[in-house]
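Number of protein chains: 2
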Amino acid sequence: MKRLAVTHLRSQTRRFSTKPGSEWETWAKTATQASWSPYAAGGVAVALAAYLILPGSSKDHAVKHTPKSLAESQFDKFAKPFNPSSSSGLATEAKAATDNSNDIETPMRERMSTFVRKMQNKIVENLDKLEMQAAQELGVTPKLFVRDEWVRKEGGVGLSCVLQEGNVFEKAGVLVSVVHGPASANLIKQMRARKKEGVSDESGVYHMFAAGCSMVLHPHNPNAPTAHLNYRYFELVKEGEEKPVAAWFGGGCDLTPSYLFEEDAVQFHRVIKDVCDKHDTEYYPKFKKWCDEYFYIPHRHETRGVGGIFFDDLEHGDHNNLFKFVEECGLSFVDQYVPIMQRRWNAPFSAEMKRWQQLRRGRYVEFNLVYDRGTKFGLVTPGARIESIMCSLPLTARWEYMHEPAEGSKEAELIKVLQKPREWVV
Amino acid sequence: MKRLAVTHLRSQTRRFSTKPGSEWETWAKTATQASWSPYAAGGVAVALAAYLILPGSSKDHAVKHTPKSLAESQFDKFAKPFNPSSSSGLATEAKAATDNSNDIETPMRERMSTFVRKMQNKIVENLDKLEMQAAQELGVTPKLFVRDEWVRKEGGVGLSCVLQEGNVFEKAGVLVSVVHGPASANLIKQMRARKKEGVSDESGVYHMFAAGCSMVLHPHNPNAPTAHLNYRYFELVKEGEEKPVAAWFGGGCDLTPSYLFEEDAVQFHRVIKDVCDKHDTEYYPKFKKWCDEYFYIPHRHETRGVGGIFFDDLEHGDHNNLFKFVEECGLSFVDQYVPIMQRRWNAPFSAEMKRWQQLRRGRYVEFNLVYDRGTKFGLVTPGARIESIMCSLPLTARWEYMHEPAEGSKEAELIKVLQKPREWVV
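Sequences listed follow chains A and B, in order.
Taking our numbering as reference, the numbering of the first sequence is continuous, increasing by one, and the terminal residue is 440.
Taking our numbering as reference, the numbering of the second sequence is continuous, increasing by one, and the terminal residue is 440.
Rather than coming from a laboratory, the hints here were simulated on the basis of the structure.
Treat the hints with care, since some could be wrong.
Same chains, same names: a pair is fine if it fits in one copy or spans any two.
As a list, the in silico SDA-like pairs of lysine to any residue whose alpha-carbon atoms are at most 25 angstroms apart [stated by the list, open to error]:
#: 1; residue 1: K390; residue 2: I311
#: 2; residue 1: K434; residue 2: R387
#: 3; residue 1: K303; residue 2: G153
#: 4; residue 1: K338; residue 2: L152
#: 5; residue 1: K203; residue 2: V394
#: 6; residue 1: K424; residue 2: I400
#: 7; residue 1: K303; residue 2: A361
#: 8; residue 1: K434; residue 2: P312
#: 9; residue 1: K143; residue 2: G153
#: 10; residue 1: K430; residue 2: I400
#: 11; residue 1: K424; residue 2: P353
#: 12; residue 1: K390; residue 2: E307
#: 13; residue 1: K368; residue 2: H333
#: 14; residue 1: K167; residue 2: H313
#: 15; residue 1: K143; residue 2: H330
#: 16; residue 1: K257; residue 2: T120
#: 17; residue 1: K303; residue 2: R314
#: 18; residue 1: K434; residue 2: E276
#: 19; residue 1: K167; residue 2: I311
#: 20; residue 1: K203; residue 2: L393
#: 21; residue 1: K434; residue 2: G397
#: 22; residue 1: K390; residue 2: E418
#: 23; residue 1: K300; residue 2: H330
#: 24; residue 1: K203; residue 2: Q356
#: 25; residue 1: K143; residue 2: E342
#: 26; residue 1: K434; residue 2: V394
#: 27; residue 1: K434; residue 2: Q150
#: 28; residue 1: K338; residue 2: P312
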């Protein structure tokens, strides 16, 4: 059971050390042009780390010091594992220590790899600040995100930032992965929302590259909404060829309140609509509708939440423009969500409201396990990291038989909106 | 939101009335040759009923007084809804008021319809007794099962017996359904574990009949195991024909402990093995293995629990013998499980043990929503009753990132068994 505990412990304590860090750390610093401030938090995350020093449930994914098993490939430079004992590793870090995400000469793989880390860093930093502010108000010790690095045996690396049982969030995960490897026909099918002719033929051998950041935040307070975000980039390359046969962006963000506050829904949608409109005024209406359709739970006849945007298979026109769009979406999340949390994280609530939130969490689980393409994709990906896939699930959830809110109640008001999605901004 | 509350309230309060009852009640009485004792429980289930008088979440499935929308068909007599205002309904009841499950002249549909109610009645009665015993020991009011009848618009009826937040069980559901209707190609595919040539052709129009009882019991105490049971009978009939093109039995029972007590696993398996051996000594080893394979969670590399038996597509030989086998399996459940509960329901436990139980509940949810064929079958069945499908989910569940039990712990001991199923009886 206690596999590789030492390795994991090391990867987490490094979070709070002043020693020059891993490739991840270097990238993260570069990305925001600010150091990972240790928040003078030597012992802060100890309680939380108690969960995380228990090693991963799959031995294939634990951090390895000498990743000799990784096949050398054209993707490796974009997904190099942390390797503190290797001087060549440090050389790579130095090379990566510039923010190349806006350099159009840099391959898109590398730009996306940089961007997803930059986004992760920005989100984690702002949520940590929120937690510190909350802890100060409550007069308790803050519980900050804990970092957990992993290597995918089949090719790729990841950095998970997870917080459990904090003062603001019951569970929060901001996960980056940059993976590559052989792509089976089934995998290719699952990767795309819509089938496209000519992307692959049965005789060919394909490799895929995927860089993405996904995030789910489940607050404690039933007045505060759950938020989800995912921005990703895929390439499909035929063996022996350099140019991808397909390359596309996907992503989106959406809000799942247990209680409806119109101003929160409007805030969330307003910020992302402004980003969309800067790029193409058709984006927001199209992607807002796609979001409502995607996050629909057919067996409950309701959407998961009040929506946001969702898009996939984005590959039209100049990819520099698409990248810029995706980047601005991702980096705007903090403005979409943090102001909402500032007014909700400590709002008064009753035991009944908490119970209702738990029932809504149950719905969240139903959507993610039964319908979510990201989860399905994860479950069919060879060597996928199950802990990352399941990280989106709430810490706690509840199912009651035949529960239905009383007519005219706040709970019933939410359901009405979920049954008939509304336009929040025009 | 508050649809048909009166109807539901009536169907529940009838549970405790002395008025001559519905068709269900008549069948239930007949089946056990004992009356539904009211346990002098006029107000007993009030707290629990608070959940249940909230009407169903799908208006299509609420109990209807005048089920005129039901198509008359050859199946209707086996799945007649409760209809208190109809004298013809009473006539049907009178006709059904004999236990015909062992009459080989009676059509199998009717025998199974009787049997599933008989089994439901026996289980509910014994679990109510357990609850009353527990409540007496604790000096509190018992919370007994509440009955909830429903009509399937497309054809069929059901009787759900559900208990939430009792003294022994956190959530317990014993559900009977007898349904029929048009069978789509997709439905036929989902109905069977293995494809069989010649069962249906694309040009034909088919109807299905299904009678089953399914049960999931989630106790409060982490020392006490969750139990699941399902016995069912299907017929597929080509339109215009009388004899089914296919008819088969399926079912099984399995145990899901949070903590392993070998004597419990042995007890559960011993009883069902004895039943199997009476019919065919090849049954137990074959169905025990099938159970371990079926209740496997690939992404966790572990089984859901310590198994039991599982079988499907049972159609060989004389169906009277198959029926007898299924009937004896179902009726033996009380002997499999109640003795275990008697020694575990009130065993001491810590908060840590409760937390571990909640994590195991999370695994239960993962299996049921991602892999369970019963759930998938339900989700693709037109007009399926979602509250019955989701009734198998625990009241509460938990997911922690990277949780793994400490080496040598009781929790780790359970995982070892789930990773490598054991032979409990030989």
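Quiz item: Looking back at the hints listed earlier, which ones does the structure fail to meet?
Solution: 3, 4, 7, 13, 15, 24, 27 and 28
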